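*Asks:* If you want the building blocks of each chain, they are given just below.
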Amino acid sequence: MHIPDGFIDVPTSAAFVGLSAIGVGAALKGARTQLDDKTAPLAGLTAVFIFAVQMLNFPVVAGTSGHLIGAALAAVLVGPWAATLALTVVLLMQAFLFADGGLTALGLSVFNMSIISVWVGYAVFLLVKKILPKNKSSVAIAASIAAAISVPAAAFGFWIQYVIGATGTFSDSAVFTSMIGIHVLIGIGEAIITGLTVTAVLASRSDLVFGWKNNQKVLEIKNV
Amino acid sequence: MSKNRKFYVGGFIISLFLAGVVSFYASSSPDGLEKVAGDIGFIETAKDHTYADGALADYGVKGIENERASVGVAGVIGVIGTAVVAGVFFKIIARKPEKKNR
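From first to last, the protein sequence lines stand for chains A and B.
Everything in the first sequence is counted per this note's numbering, starting at 834 for the first residue and increasing by one.
Everything in the second sequence is counted per this note's numbering, starting at 985 for the first residue and increasing by one.
Next comes chain A alone, as it looks inside the complex (with noise of 0.2 Å):
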C-alpha cells in the first residue's frame, strides 16, 4: 500500500504531509511515556523485523500479492505512540533508499499506514483483549483480529484520500470496492504473521510486550 507519486494530486498530498507531521508530531511526545530503557530496544527491533518482512510479498488470489504493514504487531508490541513511529522510521527507508513509495506521497502513506492502521489496530485489540480471557493466548488472538482489521483500515485510508484528490477520474465507488475487497484478504495474511509474531515474543519475552504488561498492571491494581 505504498503510493506512487501522481496518484494523489499535489494539494492533497501536502495537507497529508500535515496532518501526518502532526501524527507523527503527537507520537514523539507520547512514546516518551510509554518507551523506557528497557523497552526502546525493542521498538527498534520492531522497525527492523517489520522492515523486513515488508519485504515478503505472499500471493492472495490470481495475479495479486500482498505483504505486512506491521502496524497491529507493532502496537501490541511497543505501544501505539512507538508503533506509529517504527512504522514512519519503515517508509521513510522504503521511500529515500529503496523507491518504494513515492516522495510526495509520504505524507500520505504515513497517514494511512502509521496512524489510521496503528490505531485502530490498537483499538480493535483493547476491545477483543477486554471480552477474551486474560491470558497469553487471548493478547495473540486480539492481536490477529486486529491485525485482520488494520489492513482494510488502511485502504480506507487510501480511499478517503482518492475520493478527496485523484488525479484520475475513475468511479470512487469501484475503488472502494476493490481496495476493501483485495485487503480484507491481505488482512487474513497479516493476521496469521502477527499472531505467530506475538506468540513467539510472549513466550520468550513477555515482559517487554506492551499489551501485555498493561495487563498485568490491572491485574496488580486489581489485587491490592
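Rather than coming from a laboratory, the hints here were simulated on the basis of the structure.
Be aware that a few hints might be false.
Said to hold, decoys possible - Just a sample of chain B residues kept apart from chain A, beta carbon distances all over 10 Å, derived:
{"hint": "1", "residue": "M985"}
{"hint": "2", "residue": "G1047"}
{"hint": "3", "residue": "I1048"}
{"hint": "4", "residue": "E1049"}
{"hint": "5", "residue": "N1050"}
{"hint": "6", "residue": "E1051"}
{"hint": "7", "residue": "R1052"}
{"hint": "8", "residue": "A1053"}
{"hint": "9", "residue": "S1054"}
{"hint": "10", "residue": "V1057"}
As the list claims (entries may be wrong) - In silico contact screen, one side only, chain B against chain A (beta carbon under 7 Å); selected entries:
{"hint": "11", "residue": "S999"}
{"hint": "12", "residue": "F1008"}
{"hint": "13", "residue": "D1015"}
{"hint": "14", "residue": "L1017"}
{"hint": "15", "residue": "G1022"}
{"hint": "16", "residue": "A1030"}
{"hint": "17", "residue": "T1034"}
{"hint": "18", "residue": "Y1035"}
{"hint": "19", "residue": "A1036"}
{"hint": "20", "residue": "V1069"}
{"hint": "21", "residue": "A1078"}
Every value quoted in this text rests on a predicted model; they were computed, and no experiment measured them.
Backbone N, C-alpha and C fix where the C-beta goes; we use that ideal spot for every residue, glycine too.
Fit chain B to the supplied structure of chain A, relying on the hints for placement.
*Replies:* Frame of chain A, contents of chain B only:
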C-alpha cells in the same frame, strides 16, 4: 549470552535471514493497491519514483546481476540501515532527561 542479548540477537538474525534470503522467494505480483490501480485504470497516473535509478531502487543492488544476490544484499543493507536508524532514534526518544537518581 544474557537472555536479553539472546532475544535481540535472535530477532536481528531472523530479520536478516528474512530480508536477505527468504525475500528472493517473495511473490512478484502487483500488491493490492497496484492491482486495483491497474484493474480500474488509475495506474496510468503514477509517476516514476524520484530515486527510480537509485543504487538500491526496487530492492535490488545496482551492478549485481544475480537476482538472488541483488535482492538479498539489498535486504541485508535495509535491515542493518533500519537497525541503525531506529536503534539510535528510539534510544534518544526513551532518554529521560530529568532523571533524579543519577
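*Asks:* Work down the list of hints and note, for each, if the structure agrees.
*Replies:* Now for the hints, and whether the structure bears them out:
no.	hint	verdict
1	M985	holds, 13 Å
2	G1047	holds, 16 Å
3	I1048	holds, 14 Å
4	E1049	holds, 19 Å
5	N1050	holds, 17 Å
6	E1051	holds, 14 Å
7	R1052	holds, 13 Å
8	A1053	holds, 15 Å
9	S1054	holds, 12 Å
10	V1057	holds, 12 Å
11	S999	holds, 4 Å
12	F1008	violated, 10 Å
13	D1015	holds, 5 Å
14	L1017	holds, 5 Å
15	G1022	violated, 9 Å
16	A1030	holds, 4 Å
17	T1034	holds, 5 Å
18	Y1035	holds, 4 Å
19	A1036	holds, 5 Å
20	V1069	holds, 6 Å
21	A1078	holds, 4 Å
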